[in-house]
Amino acid sequence: MTVQIKPILSALRRHKAGTFLIAMQIALTLAIVCNALFIIQQRLAHLSEPTGLDEPDIFVVQNEWVGQANAEQVDAKMREDVSVLRALPGVQDATTSNSYPLRGGGWDDGIKLTPDQLQDTSGAAIYFGDDHFIETLGIKLIAGRNFRAEEITSMNVRDRLSPPVVIVTKALADKLFPGGDAVGKTIYLVGGPTTIVGVVQLLQSQSVDRWAAAFAYRSVIVPKRLAISLGGWYIVRARPGQLDAVMRAAPKALFEHNPRRVINDDDGVLSFSEVRSRAYERDRGMAILMGVICVVLLAITAAGIVGLTSFWVGQRRKQIGVRRALGATRQDILQYFMTENFLISCGGVVVGTLLAVAINLWLVTRFEMHRLSLVYVLVGVVILLLLGQGAVLAPAMRASRVPPVEATRSV
Amino acid sequence: MFSYYLDLALRSLRRNRVLTALMVLAIALGIGASMTTLTVLHVLSGDPLPGSSGTLFYPQIDPRDMDGYEPDKEPPRQVTWTDGQNLMRAKRGDRQALMTGGAVPVQPAQSSVEPFYSDARYTTSDFFPMFKVPFLYGHGWSASDDESKARVVVITRTLNDKLFGGKDSTGQTLRMKDLAFQVIGVLDTWRPNPHFYDVYMGNYAAAEDVFVPLSTSRDAHFDHNGSTDCWGTGGGDQEHAETSPCVWLQFWVQLDSAAKVAAYKEFLVHYSQDQKSLGRFERPPNVRLPDLMAWLDINKVVPGDVRLQTWLAFGFLLVCLVNTVGLMLAKFLRRAGELGVRRALGASKREVFAQLLVESGVIGLAGAIGGLLLAFLGLWLVRLQPSSYASLAHLDLKMLLITFVLAIGSTLLAGLLPAWRACQITPALQLKSQ
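Quick note, the sequences are listed as chains A and B, same order.
Straight run, no breaks: the first sequence in UniProt numbering ends on number 411.
Straight run, no breaks: the second sequence in UniProt numbering ends on number 434.
Everything labelled a hint here was simulated from the structure, so no lab data went into it.
Because the structure is a prediction, the values reported are computed rather than measured.
Covered, in the sense of this in silico footprint (three residues per stretch, anywhere, with C-beta under 8 angstroms from a C-beta of chain A), are these stretches of chain B:
| # | region |
| --- | --- |
| 1 | 22 to 33 |
| 2 | 101 to 110 |
| 3 | 219 to 227 |
| 4 | 320 to 334 |
| 5 | 385 to 394 |
Every residue gets a Cβ at the ideal spot worked out from N, C-alpha and C, and that includes glycine.
Construct the entire structure; sequences and hints are all you get.
Here it is as structure tokens:
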């Protein structure tokens, strides 16, 4: 069984337009599909980044106050609320903060190593937390110590941020002190110097948008309660399996304790899995859309190949009959069309590879994307070659069934 | 002649239904995807104030200290309280407005409605005429209300419906944060897209429900929402936001002629110099004066994902068209015999060509209708998404026309090559083999 490349090539030369169109379609499809696959992979990788939290057991309550109150009154009310929450059955721990990971926005600050430094050493997300913060979020302290109860103070939204001590994430500690000895060191926040007393393993930023990517896991926990009348967030960690019950009980208990508050019906109480799906809905939507486009595109390309090959088979019935009469087996005919398609597809994927890289380079400049890894091109090439062979199979089988007697017919 | 060609086209299309369906489907999918994404892009990149956006400008000055200074870096995108007040008082524009966003607890008089938080805009009197805000009842406040920190409020139609059952509520009292405000105006439906005057409150957010004078909001200790960017010794709590080195307000100015724009830019440079010699500013004057549309560009309000999707959809359309060209080629060439007979009977190449183009036009039309249905479906799916702009995605008349032009035009273009190839058939050769 020798592959009859030469006669195929000369046959193709007589169908320049059709050959060119199939190759073009394969090239364009390859270029789009491998870029789309690449985008899908990036989005999926993005949305599976860990927060560092004990997510299944955590929920957050957004509480807003009604009426005039000064910072001290708000702080007192917040402390009462937190003890109400901690006393609920099924609650492991509760804390209050200005924000939480994946919320979509929040406070960030530049961190400096010396007071007279002009450029910040790093940006960092700022989390307000008390001595229960680490336990409630389920994050892991890997060096130093937790805050002591007496270190926690109250702060208004635009007070200068200058706590005497802070806890930082490992990512920030490594950036600031690559030697790994961050505990006990002094760093500078916008309001002045502070000492690192502890390091936690992992705590993601408040936003997963591109602007926050520069300091994605660099966070600072300050021993403060943010006392503003607009309210803040209560973060609650339920005991395993008790999340639903506690989520229902918590707002009820808060309203019973003090009705002068607003907890929004839609998103006032959110489980962390809801927080996660809200944070990443755009990425997920984009990945799904790209996936659908890929599938439809491949289907259309396959349909196009089937259509044109069927036409060719119909056109060459007599030719095929002659070959069969001259002793070609059905296998030979099948192989002929498969090889023909393979050659056209090869031409297509070569052009398509160049096109895919060109499109990616353009995307890199316009949409801040990463460079396309060649693995995706390779995957795309294999997919399209297989698709071509699969699509050509039916018309080729039909061709192989052309009886030798066809040679004697006049049409 | 056209109706005869049309008849021929329909007959031929009916003869090979699978191939026809495949072509129509490919075009419909391509057009549907392109029109869905194009409509979303069109809606998002629209002019929020057609006709007057060219006269609205967003002055930017740089009041920061030398920390992190780089020459020609973009100045902050908001202003400090002091600069905002100074620029307001200078009155160098035809109109000017200083504003910021916030949220206030609304305490309805009816006990049946629970207190709730409403997004609010704290602004100055020119806001309403400058942005051509339509009123259903009443009017905005005056400059003297700004001066006197009047307890007045303008609400939207939505809030008026919720609190006052849609009746004219001017003169009524609205309680917010335990204080009484007099309703002096109710806005008619108003939703500028994008939410251009304050991009920090969500690019495609609906207008706030409550509008109060900026001075009043400070007096009533209303909470500020949105971006606050501080430097140097930063801080100063909410109570001292007026004196703190933080930018947290948006300042807009209306300038009705090119000469005034140039003069205003001069004024901003002079102002920066003056402030520097006073010791307030440390950096050399660095001013910008983008107009409304340029401002939207600077803030990249159209999401990159939406642009990317549009490009993707057009790539998709291109593949669909290449596919259609191939299928049409197969279809036309298969009819070589029939075309040969027509040629032999005296039809000119031109006539055969015209006939085949009519056929591709019919395919295009069918594709357009299918594409339109798919676009409606696509936009409906977009509207189900939770993003802030989702509810805006509707097909308008212009996009409807574009759908048909694009579908039929691109299909005709796709038909050119197959039709031309089919015309080249030698009549004699075809007749011989019959």
